[in-house]
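Enquirer: Residues per chain, in single letters:
There are 2 protein chains.
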Amino acid sequence: MNTSKDMTAGNPIIIKIDPSDNVAIVANDGGLQPGTKVPGGVVLKDFVPQGHKFTLEGIEAGGDVVRYGEVIGQAVVDLPEGSWLNDRHIRIPEAPSLEDLPLATRKIDDSPALEGYTFEGYRNLDGSVGTKNVLGIMTSVQCVTGVADHVVRKVKNELLHKYPNVDDVIAITHSYGCGVAIQAPNAAIPIRTLMNLARNPNLGGEVLVVGLGCEKLQPDRLVPKGREVAANVVCLQDIHEDGFEGMIARIMEMVEERLVRLDKRLRETCPVSDLVIGVQCGGSDAFSGITANPAVGFATDRIVKAGGAVLFSEVTEVRDAVHLLTPRVVDEEVGKALIREMSWYDNYLEEGNSDRTANPTPGNKIGGLSNIVEKALGSIVKSGTCPISDVLGHGERVKKKGLVFAATPASDFVCGTQQLASGIVLQVFTTGRGTPYGLAMAPVVKVSSRTALSKRWFDLIDLDAGRIAAGEADIETVGEELFQMILEVASGRTQTAADKLGLANDLVVFNPAPIT
Amino acid sequence: MNTSKDMTAGNPIIIKIDPSDNVAIVANDGGLQPGTKVPGGVVLKDFVPQGHKFTLEGIEAGGDVVRYGEVIGQAVVDLPEGSWLNDRHIRIPEAPSLEDLPLATRKIDDSPALEGYTFEGYRNLDGSVGTKNVLGIMTSVQCVTGVADHVVRKVKNELLHKYPNVDDVIAITHSYGCGVAIQAPNAAIPIRTLMNLARNPNLGGEVLVVGLGCEKLQPDRLVPKGREVAANVVCLQDIHEDGFEGMIARIMEMVEERLVRLDKRLRETCPVSDLVIGVQCGGSDAFSGITANPAVGFATDRIVKAGGAVLFSEVTEVRDAVHLLTPRVVDEEVGKALIREMSWYDNYLEEGNSDRTANPTPGNKIGGLSNIVEKALGSIVKSGTCPISDVLGHGERVKKKGLVFAATPASDFVCGTQQLASGIVLQVFTTGRGTPYGLAMAPVVKVSSRTALSKRWFDLIDLDAGRIAAGEADIETVGEELFQMILEVASGRTQTAADKLGLANDLVVFNPAPIT
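Protein chains in written order, with our numbering: chain A, 1 to 516; chain B, 517 to 1032.
If you are wondering where the hints come from, they were derived from the structure by calculation, not from laboratory data. Bear in mind the structure is a predicted one, so any value in this text is a computation, not a measurement. Some hints could be false.
[Claimed, not checked] Ranges of calculated distance between the beta carbons of each label pair, as one might list FRET restraints:
1. B:Glu996 x A:Asp238: 26 to 36 Å
2. B:Gly643 x A:Asp238: 39 to 49 Å
3. A:Asn353 x B:Ala525: 54 to 64 Å
4. A:Lys400 x B:Ser613: 20 to 30 Å
[Stated by the list, open to error] Some, not all, of what chain B presents toward chain A, calculated at C-beta under 7 Å:
5. Tyr679
6. Gly729
7. His756
8. Phe760
9. Pro925
10. Pro952
Idealized CB from N, CA, C, for every residue including glycine.
For reference, chain A alone in the conformation it holds in the complex (with noise of 0.2 Å):
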């Protein structure tokens, strides 16, 4: 990799990942001039804005193109040696066939595992490990938003001062829980989600649960299993008494219980084998896959080596990369629910008239990637190069220990949704064109794969990985600040950008079900 500290365009810096690849791109701020001539000889035909492609040498139409040492497409015009190359340039590839794909083909890496990290947990009952002591109040259905709304103001307002080692009240809403074709087949994916948002180990086993009565989703259900529902649940149209106020004091009754319970939490020395991570990228952009992402995979392996599980998701930002991931599993029934989670979301997107090709999004393409292909590679690199342990359907609850795909879609907040539901206790966001992102359930370390970004949003990224684009840190150097972070941030040490400034996006559950 080409890299300097200057990134004016009077020092012109390309970044060239693989050695077959025959584009590559620019990384200067403001982007290049025509007749540039850059590191290697080639001359700009065009401007190429920073994080484009050029050609490095002449590609005629129908001819590939090759970055990650992948081909992304295929030119859909000659493109001369120095021409801009962007998603108007090129065809978009079949995505690789799910059949007869390897798996667990690759050697398992057996260098010794990583030892002596430690992290400051809230250790669960249920051997889960939290990073946050967080009351969830947490509706059934979406009619009684309203009163959770209503209590997490008056329980701020008017109680959390008194318990000072609760972090926070959050009212776990969604749109779920009732007009939901509840007995079609895919509604067991919002069911299991929100089921499994209750037992998030950031919650403490001590959720609230707000029901009203006639909801097709009854709340009992989301009461973990071996808990006495009447403890748990307040269903609004059982209360006789007394109106609102008199639903607002039998909640808020229940509420100072849990405070009091959650209260006497402590924090506790734990091995970073009882960290669950999440990572994902969004508003990417061609950086993200050489700066942040690499950067996020070097912290994975390091989580991973040490015993600890991380997640990585989204599943449209994955399919095209599938070939490099399936030899990387342990073993072929994890390889075929891999295949298995690809396929269902190929059916998922035909029978709703799409394709894969609906990712990327403009901010991508601006940000210079083309196409799904080349947005996957890059957002593979998330993963590290540990072997992939586990597969878990969409809101499932993490099993195994180790590096793990959990299926989700691509849309950041469903994701971070999905991950919660699967027992982060902290998610990793990469993101190139900047989003203000945030979780009130977990903390969310931002990195940025441009520096550029991280100075104008100097408040809102956690991290600059895009000193690596400017020769300023290598991948490793990045990495294992971001390692250091995580386990800083999960001690409640370091607060995150989101965090500091109350920033979350709300909970959006994934359901292919019809509504009715």
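With chain A held as given, fit chain B onto it using these hints.
Expert: Relative to chain A, chain B alone:
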């Protein structure tokens, strides 16, 4: 209708709606015991809960069960006279065929128009009239929700008190905008729903759109035609200075310009023909169709005869009664549009491996509604007796005055969201089981089908239609009270229960297209 003020078991009260009905419902609080001799001489064989049906004559297995003068299903067991008949005793018939329905066959009512009724509304430049004066801060994508929420809190704390004519500031947030198949055929529905939400008359044409920049739903699409994009959109990725505080400063500046303009809006006397309201039911029971919904139907007729617009909705709660609606359309074109919406939803449910029997809910059944046929027959009563002047697709804006069928899912919160997009400035909501439902964008008048609910939820229900079952008031009396209450609320002279308590549901946008 057999009625009395004494609702205790000592005075059995039964309600039979149509002379041809072979079932009636028990009105008494607490139901009636076996052995009770009810008016007409039938002796109950079983305990019959309040709101539930019993047989007025013996019905053999396979025989038709008739209520509202319509076949609501066939008995699956022999049911001797006086038997309790619930959802387990009845088989649902086929839905009415959408072929060969009678279109526009009913003689148009030529009774004189209703003159002389007015309300005090906020007239907008586009001719629409609002009932509230609300500043809306709308997101183009879920990613920026945290920022919008932050701004709303800040405006409420720091600015709103300076602009006493502005009723409220609300975040118009949603789960759409990115991670969606925006080119899929069905994506038209969520997109137009959001575009039309921004145009709701209660927002005074002053919506501020907060976008991110890289999202699929580009924020300029939410700016009403003819308005300048730059003056109405803040795009976070385009703000180059001062990080988060820079974003907030820019948004607050644009907010204050809007507050200054909104504060100058004044109510003026408007004819009822300027009013656009929506009606819906939620948490229905067997009383809904005989108390609350008929009272709403009466008020609907008053508003329509005064030249206003009333939207009724909820496709799956209309589908089984469509043969009673098609004769009422004003012309064949409207009739075909009604059938088109029924057919679209049939297909939508079928594609999701579901059908109309996914409605009703457990609460409906406990409330005495055996199936969707019975529920639909009670639901359409809200539409009164006037001709149906128009049919709107999901999320379309109202085009004509009169009684309008606006296609929506039956889900309360989705129906509410779509009716707001269609342009309602007030909603009437009937309930038998009880719900704290509310909308931030428009007042919701809640009408209870049972007096017991109105008493228990005295501060959540605005009007008790249960008095109709108890013989304390007739449909016309309660209907006229509702009509007057609608005008009072629309004029800002009366605050609804939900508005007094500050209860509002989230907006939930219907997206039948895939997410990516």
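Enquirer: So, for every hint listed, does it hold in this structure?
Expert: Now the hints, each set against the structure:
1. Between B:Glu996 and A:Asp238 the C-beta distance comes to about 34 Å, which sits within the given range of 26 to 36 Å.
2. One distance hint, 39 to 49 Å for the beta-carbon pair B:Gly643 and A:Asp238, holds here, with the actual separation near 47 Å.
3. In this structure, A:Asn353 and B:Ala525 meet the distance hint of 54 to 64 Å, their C-beta atoms being roughly 57 Å apart.
4. A C-beta distance of roughly 53 Å is found between A:Lys400 and B:Ser613, which places it outside the suggested range of 20 to 30 Å.
5. The beta carbon of B:Tyr679 comes no nearer than 22 Å to any beta carbon in chain A, farther than 7 Å, and the hint placing it at the interface is violated.
6. At its closest, the beta carbon of B:Gly729 sits 6 Å from a beta carbon of chain A; the interface hint therefore holds under the 7 Å criterion.
7. With its C-beta approaching chain A no nearer than about 6 Å, B:His756 sits inside the 7 Å limit, and its interface hint holds.
8. A least Cβ separation of about 5 Å between B:Phe760 and chain A falls short of the 7 Å threshold, and the interface hint therefore holds.
9. At about 5 Å, the closest approach between the beta carbon of B:Pro925 and any beta carbon in chain A falls short of 7 Å, and the interface hint on this residue holds.
10. A distance limit of 7 Å between C-beta atoms decides the matter here; for B:Pro952 the minimum to chain A is near 5 Å, and the interface restraint holds.
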